[in-house]
Amino acid sequence: MTAPMPNLGAVFDTVDPAMAHLAARIDRLILAIDAALTRQLNAILAASEFRALEARWRALDRVLTHAGRDGQVIVRILNVSWRALSRDLDRAVEFDQSHLHKLVYDGEFGMPGGLPFGVLVADYEVSATTDRARGDQVETLSRLAAVAAAAFCPIMLGAAPDLLGVDDFDQIAPYTDLTDAEGRRADPPMIRWRALRDRDDARFIGLVAPRIVLRGPRTRLSPTRADGFTFDEDPHRILSVAGSFAFATTVIAAFRASGWFAAIRGAAQDTDGGGRVAGWPGHDLGTDGHNLSRQSPATLRLTAAQEDALIARGIVPLSSLPLTDEAVFNANPSLHRPTRYDSPVASENARISAMLQYVLCTSRFAHYLKVMMREAIGSVAPPDVIQGHLDDWLRGYCLGNEDAGAELKAEYPLRNAGVEVTPIPGKPGAFAARIHLQPHFQLDDISTSFHLVSEAPAGLERTSA
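All letters in the sequence shown, in the order written, are residues 1 to 465 by this note's numbering.
Hints in this document: simulated from the structure, not taken from any laboratory.
Note that the coordinates shown come from a computational prediction; the quantities given were computed from them, not determined experimentally.
It is possible that part of the hints are untrue.
[As the list claims (entries may be wrong)] Here are the simulated lysine to any residue pairs, SDA-like style, with alpha carbons at most 20 angstroms apart: (1) Lys-102 with Asp-131; (2) Lys-102 with Arg-76; (3) Lys-102 with Ala-84; (4) Lys-427 with Met-372; (5) Lys-427 with Gln-387.
[Said to hold, decoys possible] Derived Cβ-Cβ restraints for the label pairs, each shown as a range: (6) Asn-416 with Asp-234: 55 to 65 angstroms; (7) Tyr-175 with Ile-26: 28 to 38 angstroms; (8) Arg-256 with Ala-133: 58 to 68 angstroms; (9) Val-345 with Pro-174: 52 to 62 angstroms.
Even for Gly, the Cβ is constructed at its ideal location relative to N, Cα and C.
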């Protein structure tokens, strides 16, 4: 369309009544054309395929914006559907024979100069169901967990609403009780889902709910509308994407700020960072001036009870800061269901060790140690020499003073550490390492530690706590 024009009737009214009548007719025709274009654009924008495409590209743009262009954070894109991914994992005899494992693990850890992946972000919303379109989602997730654990690379996905017992997140009201409906269900899918959550590898799976808003509906009052086209999108049509992308940008922001992942939850007053979801503006309802009606970018404002219910299910809740238009991650549990012990301290330690922020922290050290072990393959040095070298390197990041400031703890992120290297029987020149890491804990007076088992040049990597 051309630039906005003044009302033609007003221009010609003082010149010629016939011209004024013609101008009014032209105005009506322009409005009719605008109405037809509006209907056509709404039909396009409402198409599920187009919405998914737009959401995916807008979310990727947010991630790349947070990553920056200085090379500190590298983003790689894999275009693969859930069905293709599921087929690849299902057809592999073992998870380490899948194409995904070759891309994530063999192509990085197994290659000199390879750069291990820090986190995988997947634009999928998963649940416990099995159907023809998506296949056996529990089995696919279990194999994804194995690949992620082998590469020490957590994978973040969206949680489908049926995991919360609803067909759509819009059905969840402030009074909706979400407490442990999963635990009360005895149908086979949920039994298998709970078995998946009990696996150690499930620590490397993160599910986020609800979704996060990418943009609100376009209106004729949009300040970016400069061509005079009076287009109004359906006011109920808000474009959103899986909350896993918001978690990814939060992790990137923390890494760029400190090179570490310990402080990626919670929000201090008048302080940036932590679990605040920056760079995702809220949606303005347009009912008040001065942005007074602006809402959090989370598509659902969770209550404290609902947030606790999601945490109990191993779902990362995307919450909203009270009286603000900001979203926040107050907690980041992995899908793993922590073991309950008779001792409250032991149970709390198990809960902490299943949190994604500490899985990310320990995985970062595992990446460096595995690369260092990769460089030692075929070395004539005995295991105790390699162990001493790795142990000295680890202790260079230890700080025993718990009263130190946040900056010093970011520079020395471990409270204690150790490593044990042993030769692998039947594999000359190959070693297995048992790694003990005890990070500093954000807002937690807990003394849990992480034990990682790594094998070089190839084999099984597991975590246990």
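Evaluated hints:
The suggested pairing of Lys-102 with Asp-131 is violated, with an alpha-carbon distance near 27 angstroms, which exceeds 20 angstroms. Between the alpha carbons of Lys-102 and Arg-76 the distance comes to roughly 15 angstroms, so the proposed pair stays at or under 20 angstroms and holds. With a C-alpha separation of about 15 angstroms, the suggested pair Lys-102 and Ala-84 falls inside the 20 angstroms cut-off, and the hint holds. Between Lys-427 and Met-372 the CA atoms are separated by roughly 18 angstroms; this keeps the pair inside 20 angstroms, and the hint holds.
For the suggested pair Lys-427 and Gln-387, the alpha carbons sit about 18 angstroms apart, so the restraint of at most 20 angstroms is met. The hinted range of 55 to 65 angstroms is satisfied by Asn-416 and Asp-234, whose Cβ atoms lie roughly 57 angstroms apart. Here the CB-CB span from Tyr-175 to Ile-26 is close to 54 angstroms, at odds with the stated 28 to 38 angstroms. Distance hint check for Arg-256 and Ala-133: the Cβ-Cβ separation is about 38 angstroms, which falls outside the suggested range of 58 to 68 angstroms.
Val-345 and Pro-174 have their C-beta atoms about 34 angstroms apart, which leaves the hinted 52 to 62 angstroms range violated.
When held up to the earlier numbered hints, the structure conflicts with 1, 7, 8, 9 and fits the remainder.
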